[in-house]
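S.K.: All chains should be modelled from the sequences, with the hints used to inform the complete structure.
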Amino acid sequence: MLIGAVAFAIAFAGSILTPNSLWFRRLRRPRWLTFEWAIPLIWTTIFICG
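Adding 29 to a residue's 1-based position in the sequence shown gives its number in my numbering.
Simulated from the structure, these hints should not be mistaken for laboratory data.
For every residue, glycine included, the Cβ atom is placed at its ideal position computed from N, Cα and C.
Treat the hints with caution; some may be incorrect.
[Said to hold, decoys possible] Have a look at the derived ranges for each label pair, beta carbon to beta carbon:
1. 32 / 69: 16 to 26 Å
2. 41 / 69: 17 to 27 Å
3. 68 / 44: 14 to 24 Å
4. 46 / 78: 34 to 44 Å
5. 69 / 36: 12 to 22 Å
M.R.: Right under this line is the structure:
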């Protein structure tokens, strides 16, 4: 549990200390990427089956 707490704290600090990620919001997404809502479901299924 300690390792998870440390990992969470580092990720949280990194998200706060990271400068504005404007470059990420300016990326042009491909037109065929219409199923983005399903990506978490797909990865969850892959991890459960693994």
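S.K.: Could you work out which earlier hints the structure fails to respect and list their numbers in ascending sequence?
M.R.: Going through the list in order, the structure violates no hint and respects every one.
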